[in-house]
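Residue numbers (this note's numbering), protein chains in the order written: chain Y, 86 to 431; chain E, 86 to 431; chain W, 86 to 431.
Each hint should be verified, as a subset may be incorrect.
Which copy is meant is left open, because identical chains are indistinguishable; a pair holds if it fits in one copy or across any two.
[Said to hold, decoys possible] Distance condition first, Cα-Cα at most 30 Å in a straight line; then the derived DSS-like pairs of lysine-lysine:
# : residue 1 : residue 2
1 : Lys127    : Lys87
2 : Lys220    : Lys87
3 : Lys127    : Lys362
4 : Lys220    : Lys127
These are computed hints drawn from the structure, not numbers from a lab.
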Amino acid sequence: MKVPSYVGSMAGKDFLNTNDFSQEEIAKVLKAADDLRASFRKRTPTPYLPGRTLFMLFYNRSLRTRNSFEAGIYQLGGHAHFLSPSDVYTPSLPEDMVPYQTEAIADVGRVLSRYGDAAKWTIGRGHRVIQEFAKWSDIPVLNMEDDIYHPFQALADMKAIVDVAPKPKGKKFVVSYAYSGGLKPLAVPQNCAMIGTQFGMEVVLAHPKGFELEDSVIEMCKKNADRYGGSFEVSNDMKEAFQGADFVYPKAWSPKNFMPPYSDKVNKDAASEYQNKFQDWKCTQELMDVTHKGKYMHCGPADRGQEVTDEVIDNPRYSLYFEQAENRLHVQKAVMAMVMGSKRRR
Amino acid sequence: MKVPSYVGSMAGKDFLNTNDFSQEEIAKVLKAADDLRASFRKRTPTPYLPGRTLFMLFYNRSLRTRNSFEAGIYQLGGHAHFLSPSDVYTPSLPEDMVPYQTEAIADVGRVLSRYGDAAKWTIGRGHRVIQEFAKWSDIPVLNMEDDIYHPFQALADMKAIVDVAPKPKGKKFVVSYAYSGGLKPLAVPQNCAMIGTQFGMEVVLAHPKGFELEDSVIEMCKKNADRYGGSFEVSNDMKEAFQGADFVYPKAWSPKNFMPPYSDKVNKDAASEYQNKFQDWKCTQELMDVTHKGKYMHCGPADRGQEVTDEVIDNPRYSLYFEQAENRLHVQKAVMAMVMGSKRRR
Amino acid sequence: MKVPSYVGSMAGKDFLNTNDFSQEEIAKVLKAADDLRASFRKRTPTPYLPGRTLFMLFYNRSLRTRNSFEAGIYQLGGHAHFLSPSDVYTPSLPEDMVPYQTEAIADVGRVLSRYGDAAKWTIGRGHRVIQEFAKWSDIPVLNMEDDIYHPFQALADMKAIVDVAPKPKGKKFVVSYAYSGGLKPLAVPQNCAMIGTQFGMEVVLAHPKGFELEDSVIEMCKKNADRYGGSFEVSNDMKEAFQGADFVYPKAWSPKNFMPPYSDKVNKDAASEYQNKFQDWKCTQELMDVTHKGKYMHCGPADRGQEVTDEVIDNPRYSLYFEQAENRLHVQKAVMAMVMGSKRRR
Chain Y
86 MKVPSYVGSM AGKDFLNTND FSQEEIAKVL KAADDLRASF RKRTPTPYLP
136 GRTLFMLFYN RSLRTRNSFE AGIYQLGGHA HFLSPSDVYT PSLPEDMVPY
186 QTEAIADVGR VLSRYGDAAK WTIGRGHRVI QEFAKWSDIP VLNMEDDIYH
236 PFQALADMKA IVDVAPKPKG KKFVVSYAYS GGLKPLAVPQ NCAMIGTQFG
286 MEVVLAHPKG FELEDSVIEM CKKNADRYGG SFEVSNDMKE AFQGADFVYP
336 KAWSPKNFMP PYSDKVNKDA ASEYQNKFQD WKCTQELMDV THKGKYMHCG
386 PADRGQEVTD EVIDNPRYSL YFEQAENRLH VQKAVMAMVM GSKRRR
Chain E
86 MKVPSYVGSM AGKDFLNTND FSQEEIAKVL KAADDLRASF RKRTPTPYLP
136 GRTLFMLFYN RSLRTRNSFE AGIYQLGGHA HFLSPSDVYT PSLPEDMVPY
186 QTEAIADVGR VLSRYGDAAK WTIGRGHRVI QEFAKWSDIP VLNMEDDIYH
236 PFQALADMKA IVDVAPKPKG KKFVVSYAYS GGLKPLAVPQ NCAMIGTQFG
286 MEVVLAHPKG FELEDSVIEM CKKNADRYGG SFEVSNDMKE AFQGADFVYP
336 KAWSPKNFMP PYSDKVNKDA ASEYQNKFQD WKCTQELMDV THKGKYMHCG
386 PADRGQEVTD EVIDNPRYSL YFEQAENRLH VQKAVMAMVM GSKRRR
Chain W
86 MKVPSYVGSM AGKDFLNTND FSQEEIAKVL KAADDLRASF RKRTPTPYLP
136 GRTLFMLFYN RSLRTRNSFE AGIYQLGGHA HFLSPSDVYT PSLPEDMVPY
186 QTEAIADVGR VLSRYGDAAK WTIGRGHRVI QEFAKWSDIP VLNMEDDIYH
236 PFQALADMKA IVDVAPKPKG KKFVVSYAYS GGLKPLAVPQ NCAMIGTQFG
286 MEVVLAHPKG FELEDSVIEM CKKNADRYGG SFEVSNDMKE AFQGADFVYP
336 KAWSPKNFMP PYSDKVNKDA ASEYQNKFQD WKCTQELMDV THKGKYMHCG
386 PADRGQEVTD EVIDNPRYSL YFEQAENRLH VQKAVMAMVM GSKRRR
């Protein structure tokens, strides 16, 4: 078997955030994903990580993330352990420790480092938690989603974009709020805006007042636009933003001022009440018609009838919805092959 | 390695119900199961599905189903993902959607179709749910048990029968109610009666009044009897039914008139109260004595002391209990090899 | 591939308790663990159990146990099923049966014996439960921890000891109570004292009054001391016990008189109140200073700040904490290779 040169090319590195890497490095990941996807479709085996164990630590429910990582490491010849919160003592930061319910991340990280020769992940909690894992683990740590970033989703999204537009520079990419009855996290829109600007796209972030993204993310998007020759703008008008767009990404997230550090405490009722004013932020056929043959994108699961109409999401002319989900598998395999692989073996 | 001709012989087909197939097709499944069981016992490897991923979606607890599928796909060289309800957003029909708690089956089916090159299953909910999965999935859908059918249990049962009676036609097969303190589903007795008639057996369905099976199932049993030259009768007397039986399958199920659509709402207390009148429907030594050297069958788990005495279930002269459980592994491997395999590979 | 001679050397045996084996047999396990650890570190594959399935039945949460067994069987070429209590009907003793919630261990054991050609485990319940499993299963049963014993932890601990002191006979080994806010089980200190005496060490058991271990365990420790030429003493003074120690194992367990059979019912509040008097039983630098260059040991997870100071547990000069966790993987692989392997294959 010929092992591709990308296997082991970032051996031992953590993957916590796309913005920690250069555009060139991310492009290499996407190219590796393309190679792995082609092999998968031809049913060519890709056992580049034989005997490697991946620990997946979840704090949340997940369909795409869990199944795409578990299938992915298996397709690479390795094996995943699925660790749900109810199966282990909750890995916690020092200030959150409770005897017999939690275990220090410092200890979990070091123990698992000795069982696997692979990587591990966490999801849905603070970026601080994942940094703590990375600090204490000898093996690569991959971020499956935290409160700020969702790097593998962003990679899958960018892969879907370059499949349509091999040179995304200058294309208009609208990351927009869309209404849902649930209170959703900010990681996806934040990381989308970041990776769009990292590839020199004309990124427009559209949302009602009160749905601002994190300041630090906005800063990074602006720096990316400067560095990579694109642009970054904020709009409070969905339809205006959609005008002439090549790609639109309408997706719910939570309004800002109802949870710490922006308010004293979490106030879900007030957040829902505020959010309910924006039920007209919905991706419809009418909105798609003002784009420039725009493609519809969503990380899934989409709330049908709220964020988007069936007419849009199920139209293969517009919708990249299932392509994005499919790409998760292959971009994750690409990063695993790059960071968990070893150049010298085989 | 020589790959048997049954591998891939039904490539891409769903397996939702035994009655969707002809007697001849089911007989081929049983023959493939025999081959796989023989290999397993000799420890001959059977890696006919290398690199294939199976998604197992459960709505209920399970010992035999989960472990026999997971071990089975591994013995075929593939890999299973065990997805419990607490690990994913609940795959739901359009009318049951709740933002952030459920995900449309249409979406789950299409996403998983892109991660696995294999199959997936569901259990314990309406046949409509599994038909919805089959509609939206590009990969084979296998029914691990729904509210009407339990096709793999029926295959395992028929395999146990043909091991004892290679020509089951004309043998007397009694599918009987037996008392349990719990309210059990109807899928097993329904599918047993169906597969028995599908093989031309003299099937007697025995139960107290009020424990009638679904009309549609009774219809199918009668049609099977006509088509395959056996008979189908209903009795309300357990002992009379057992007279001269070759195989008896005494097992609890729930009385009919205490849940929708047969009553306004689920009334568990009234159902239990009604059921408690039939504690004498128990499989005892005395009953076994009136059979024609009859074999005792049960899908497991049997409620010892209620449905059956230890004396009967633990007597290897009578009891096929552990053979039935064992056969689950091999009939499932047979169907997986047939629908997930590909004729052209290797 | 050359298969080491220890593979299959105890084929078919259960592993319920270290004391069921002789010192010589345990020493062979530790030697096999050493070989497997060396291969793991060199990344030499060790597929000694191809196609073997391991069923892991848990009653409790677990990080080390679950992950080290699952990674271990995979590193040996086999496959594990992780069965959590919520996924199956609870395997129960005859007197604990509840229809539709439990299943007889007699039945679970016999069913799983037909699906796997491997082994299975249980944890956190009575030793009687695991003996019931062993009685009914045709395949080896391994004890992952019960109310009295934790044999694989004891093996990992002894492996850590012989790595430091290849001839442990005559070394002073202090198994000591240490304070935690949680009520912890007795299996680890009991099994530590037993394996220490089994290797001829000078074992001192230190605890406040009211924290006595099981009488049967004390008896076995005394017999071990006689048979293997070491000693066994009990002390109620932590500092005195630590004097000149080569190895110290300070760890919380629960006071004796607040649960059956020592009291009418479980009285957690009274147990916690009593335990809270002993917060000065903490492993500190000051205590380590009175040992004879003593090594600090703990099975994990340690309650930092209660049982031990960070200063001690994180000091690689003292602490064997991560080595012990690492050894779990390899001693378990050793026993699996010995009991699940077959001499004649390959």
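>> Hints numbered earlier in the text: which of these fail when held up against the supplied structure?
In response: 2, 3
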